[in-house]
Amino acid sequence: MKKLSIEDKIGLVKFKVDTGKPHIKIKPEICKTCPEKYCVTICPVENYKLDEQGNVIFAFEGCYECGTCRIVCTKCGLEWDYPLGGYGVCFREG
Amino acid sequence: MAEKVDVVVVGGGPAGIACAYTLAKAGVETIVFERGGYPGSKNVMGGILFTNALAKLIPDFREHAPVERPVTKRKFLAISEKDALGVETGFSDFSRPPHNNNFTVLRARFDQWFANQAEDAGAMILSETVVDDFIYDDNKKIIGVKTRRDDGDILCNCVVLADGVNSLLAKKAGLRSEFKPKDFVLGVKMVLGLPAEKICERFSLESKNDGAAYEFFGAVTNNILGSGFIYTNLESVSIGLGVALDGACKLGLRPYELLDKFMDHPYVRPLIKDSEPIEYSAHLLPEGGYHGMPHVFHDNVLVCGDAASFVNTSIYHEGSNLAMESGILAAKAVMQARGRGDFSAKSLMKYAEYLQESIVIKDLKKYERLPGFLHSSPHLFNNYLDLAIELAKDYFIVDELSKGERQKLMFKKAWGRVSVMQLIGDAYKSFRSFIWN
Ligand SMILES: Cc1cc2nc3c(=O)[nH]c(=O)nc-3n(C[C@H](O)[C@H](O)[C@H](O)COP(=O)(O)OP(=O)(O)OC[C@H]3O[C@@H](n4cnc5c(N)ncnc54)[C@H](O)[C@@H]3O)c2cc1C
Ligand code: SF4
Ligand code: SF4
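Residue numbers (my numbering), protein chains in the order written: chain A, 1 to 94; chain B, 1 to 437.
Next comes chain B alone, as it looks inside the complex (with noise of 0.2 Å):
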């Protein structure tokens, strides 16, 4: 006879584990399944975690947890093959605690900590081990799951698949379609040993309390959907990019390549001059986005994370935030549904209903046109982002040419370049997609 549990939570990321967290605060006997060695040893993201939910579960995280610096100072770069034109934002604020949320981590170390921190609140975390398929009852009814062990069946009351953007276990619940190339971004990243004192001295931080976080678009990625990052931790920087895979399938791009090209950039280069590599990851984000939601819940299972794409991709990045608020909202379902001793569909809707209320519904919400918009507007990238750099560059320039002869070639030269109807068009679409819904 197999062993059973309340609930079984797969996968120890960060939407897994602020459910299991959640659960075991309230005396939920819950089970953790991680396939990984340890904890994070399968995760990777730039990677700023944003704190709201965390400092719901853990108001003083910023004591115990291993966060690299808080980010004190953002860069947004348009860049074209050797020049770059960009914004810094520099708020007083964000330098004082709780930071806007933002802190740089590293996701081996962070989730490793996380995890051990819904151990001692009372969950059960078992690592090295894969779960492969559901048990069903005669009627079909999920009853618990197989994981890939000697005697691996264990059987629940729920199943909160926290398993992350491949969920297979979705697919396998019938809770999602076939996962599409254009529903992905590609993510491949070097972690760059440096010492503290050159980061500081480089990004212009006082301290290792202050951290940097520059995004880039336009050549980093070949024009096509996607963005470069480069964020500093205490001691190492995180550069990186990502690409829709469409996009990057049908040019045939190589992703390293693009990353070495990257980091090859005449802007980025004096940034990460004579660093040590450290370690070389990649990883998929989903980026569907509202449309690209599976059905988040079924009778005895819930889906919470990368795994039902609550992620903000638009100029945000958002997904860390976004799965442990999943995951605390899949808990609060679950407790919810176990005081009722029901966990069908109709009881565990009540998830449905938490999330809608949230910021995770409401953002995915009011960025749904714009996945669609980016993609039918490969354009977008290509035209006015180096058209910008080129502008930018002309205007200063100090030369014999006066300044308004200058300013008339400048515009001649834009005109030439988009017409005045699809630059409105764009507008027009670009507000709705990134401003007003």
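Only chain A is shown next, with the shape it has when bound in the complex (with noise of 0.2 Å):
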């Protein structure tokens, strides 16, 4: 089988965005302490990158709503809940 980027096994899956609602936000100035920064490796759908200067940039769409990112935080760098019902992540096989 073809191995497949994280971009397009994202492809697969189907999302409702909740445009410019994000359900997860982080606080950049805790995140530049952070020490560890588990959660750019962790995430299941690399939604945690870092850019050239070592800063964390988080996007909000294409999450899983796993809550990975939410108990490996040791900084308490992010805020986290759920999207609207109905909104974020749609399996169809699960």
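These aren't lab readings, by the way, just hints derived from the structure by calculation.
Predicted model, so just to flag it, every value in this text is computed and none were measured.
Positions of the beta carbon are idealized from the N, C-alpha and C atoms, including for glycine.
Check before you lean on any hint, since a few could be wrong.
Derived lysine-lysine pairs resembling DSS-like cross-links, with alpha carbons at most 30 Å apart [claimed, not checked]: (1) A/Lys3 to B/Lys146; (2) B/Lys250 to A/Lys37; (3) A/Lys2 to A/Lys21; (4) A/Lys3 to B/Lys172; (5) A/Lys2 to B/Lys82; (6) B/Lys180 to A/Lys21; (7) A/Lys21 to B/Lys172; (8) B/Lys146 to A/Lys14; (9) A/Lys32 to B/Lys172; (10) B/Lys261 to B/Lys75; (11) B/Lys82 to A/Lys27.
A few chain A residues that face chain B, going by a derived Cβ cut-off under 10 Å, partial list only [said to hold, decoys possible]: (12) Lys16; (13) Val17; (14) Glu46; (15) Arg70.
The following label-pair restraints were derived from C-beta to C-beta distances [stated by the list, open to error]: (16) B/Gly339 to A/Val17: 42 to 48 Å; (17) A/Pro35 to B/Asp264: 19 to 25 Å; (18) A/Ala59 to B/Pro270: 35 to 41 Å; (19) B/Ser204 to A/Lys14: 32 to 38 Å; (20) B/Tyr395 to A/Lys2: 32 to 38 Å; (21) A/Lys16 to B/Glu276: 21 to 27 Å; (22) B/Met1 to A/Lys16: 28 to 34 Å; (23) A/Lys14 to B/Lys403: 54 to 60 Å; (24) B/Ile435 to A/Pro28: 47 to 53 Å; (25) A/Val17 to B/Lys82: 18 to 24 Å; (26) A/Lys25 to B/Lys140: 28 to 34 Å.
Using the hints, put the two standalone chains together into the complex.
Take a look at the structure:
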């Protein structure tokens, strides 16, 4: 089987995006001081990325709402909630 | 004035639906709030549905439920980077109904069907509705829930929390402590389309009424706590793995990269060759076991399923059945409390008693040492699995060396890697954790 990039993998899944209303928000000031930044490697859809300066950049679209970042965040650098009912990821197989 | 119902169930997964089904059948006015577009749209598991609890509710489920295949053949494999060593079961009894209560399912379809059955029994299922918080009276007693909808407050006599592994509500109700990485496993999974005949060929199955479940340990998780799986559906296979959050974070492992590597393992590659990628998903799983459980009841509230950490991870990976069983027991406790007109903690304590007498707590208690043991022994996977595979391979090598010389070398290799004391210690601890508590 051909290897799929993470973007291709997420492309297989349906989302209903609540545009402009992120259900997760990071606090960049706190993230700056975070030595571990576990969110960057562990997020299964790679929603946390590092820019050239090493700052964490977060995008909420494509989130699977798995809750992993909420649990591994050691610095309380994020506010985490579920999206509005009916929005967000919609698995068809599961 | 907010509307009032008898019971609010939060979450339309196996726990919540089993609870609502039981209540509705007994004529109790019940509403289920599900945040997804439909029940199942947020839910992912491996997945083998263990149907022992379901069969109590709907004995003829096999004729109607969207189950994929019965599991008639299992394999347990240790894998290293390139090699594999396994044992296989093929118990002919399991090829006949009730198939040892093991069926593969795809949750987005199964949960929807299960929710429809509860609806037919009289429960109200309201999808697209997030429950955000509780409504309290002046004495800080829960008297309802706040949903994220206009006029979304609903009053009730009792709330059943079946909101899954991330139960924000159990936390809000003060029933559980902080969520810690060591108590959770992250699962990532792909569903790959394959024609039914190809699946039968590759997994040596006689027909679409036979199914395979393969479990993998070792290199699949980079030798940290966790495991991989391949389960056959009717016309697809589910392939995935779960890794302990603490271990994966410390090593900086990216879950989907592990999955890519697993799918490219020489043992796995031919099984999924030329398949069509259908879906990539991820979900958490509670791993804390007996000692990771929150308080499961309080005044006017009960907790069941993953929200209560009811998963027997050990080697069985049983969550779906414990979720349903605990949902049914929660419903029973609610009905008793309703008969007494008393939903206080004292009255709902019956739930804890029911759980104690059921497989839910009995099984969790049996494996209570396991999570702690595995977390404190990271060398288990590393040392033993790789070594076992190497030794097995050595054992079968055919070349110029005599069998006696080869076996001497094998002993040397083994004792070079583990000491006798360590082996005895680990064997003892494994025995206590896996077999005899
Ligand atoms: C990768 C993986 C593989 C697994 N494999 C197996 C397996 O092979 N066999 C097995 O038996 N178990 C398996 N499990 C475990 C099994 O999936 C769970 O134990 C089971 O789904 C628990 O059921 P539940 O009803 O408690 O929770 P869930 O199925 O998670 O249901 C919770 C529901 O609540 C909803 N919800 C959450 N919060 C709110 C809110 N605030 N408002 C409204 N709705 C809300 C969610 O959308 C969801 O529908 C696996 C789990 C994972 C992650
Ligand atoms: S782990 Fe938390 S604090 Fe650290 S970078 Fe990620 S979101 Fe920020
Ligand atoms: S909830 Fe899961 S998928 Fe969403 S950003 Fe956090 S880790 Fe990534």
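Now the hints, each set against the structure:
For the hint pairing A/Lys3 with B/Lys146, the CA-to-CA distance comes to about 44 Å; that exceeds 30 Å, so the pair is violated. For the proposed pair B/Lys250 and A/Lys37, the alpha carbon gap of about 10 Å is at most 30 Å, so the pair holds. A distance of roughly 35 Å separates the Cα atoms of A/Lys2 and A/Lys21; the hinted pair therefore is violated under the 30 Å criterion. Taken as a hint, the A/Lys3 and B/Lys172 pair is broken in the structure, with Cα atoms around 42 Å apart against an allowance of 30 Å.
A distance of roughly 19 Å separates the Cα atoms of A/Lys2 and B/Lys82; the hinted pair therefore holds under the 30 Å criterion. At roughly 27 Å between alpha-carbon atoms, B/Lys180 and A/Lys21 fall within 30 Å of each other, so this suggested pair holds. Restraint check: the Cα-Cα separation between A/Lys21 and B/Lys172 comes to about 23 Å, which is no more than 30 Å; the hinted pair holds. For the hint linking B/Lys146 to A/Lys14, the alpha-carbon distance of about 28 Å falls within 30 Å, and the restraint holds.
For the suggested pair A/Lys32 and B/Lys172, the alpha carbons sit about 29 Å apart, so the restraint of at most 30 Å is met. As the CA atoms of B/Lys261 and B/Lys75 are separated by approximately 20 Å, the hinted pair is consistent with the 30 Å bound. Taken as a hint, the B/Lys82 and A/Lys27 pair is broken in the structure, with Cα atoms around 43 Å apart against an allowance of 30 Å. This hint holds: A/Lys16 has a C-beta 7 Å from the nearest C-beta of chain B, less than the 10 Å allowed.
The closest approach between the C-beta of A/Val17 and any C-beta of chain B is roughly 13 Å, which is over the 10 Å cut-off, so the hint fails. Because the smallest distance between the Cβ of A/Glu46 and any Cβ of chain B comes to about 8 Å, under 10 Å, the interface hint for this residue holds. For A/Arg70, the suggested interface contact is upheld, since its CB lies about 7 Å from the closest CB of chain B, less than 10 Å. A hinted range of 42 to 48 Å holds for the C-beta pair B/Gly339 and A/Val17, which are about 47 Å apart.
The hinted range of 19 to 25 Å is not satisfied by A/Pro35 and B/Asp264, whose Cβ atoms lie roughly 33 Å apart. The supplied range of 35 to 41 Å is met by A/Ala59 and B/Pro270, whose beta-carbon atoms lie about 37 Å from each other. Judged by the Cβ atoms, the range 32 to 38 Å given for B/Ser204 and A/Lys14 holds: they are separated by roughly 35 Å. For the hinted restraint 32 to 38 Å between B/Tyr395 and A/Lys2, the CB-CB distance of approximately 36 Å keeps it satisfied.
Checked against the hint of 21 to 27 Å, the pair A/Lys16 and B/Glu276 passes, with Cβ atoms roughly 24 Å apart. Between B/Met1 and A/Lys16 the Cβ separation comes to about 32 Å, which falls inside the hinted range of 28 to 34 Å. For A/Lys14 and B/Lys403, the hinted distance range of 54 to 60 Å is satisfied, since their beta carbons lie about 58 Å from each other. About 50 Å separates the C-beta atoms of B/Ile435 and A/Pro28, a value consistent with the hinted range of 47 to 53 Å.
Restraint check, A/Val17 to B/Lys82: a C-beta distance of roughly 42 Å breaks the suggested window 18 to 24 Å. Separated by about 29 Å at the C-beta atoms, A/Lys25 and B/Lys140 satisfy the suggested range of 28 to 34 Å.
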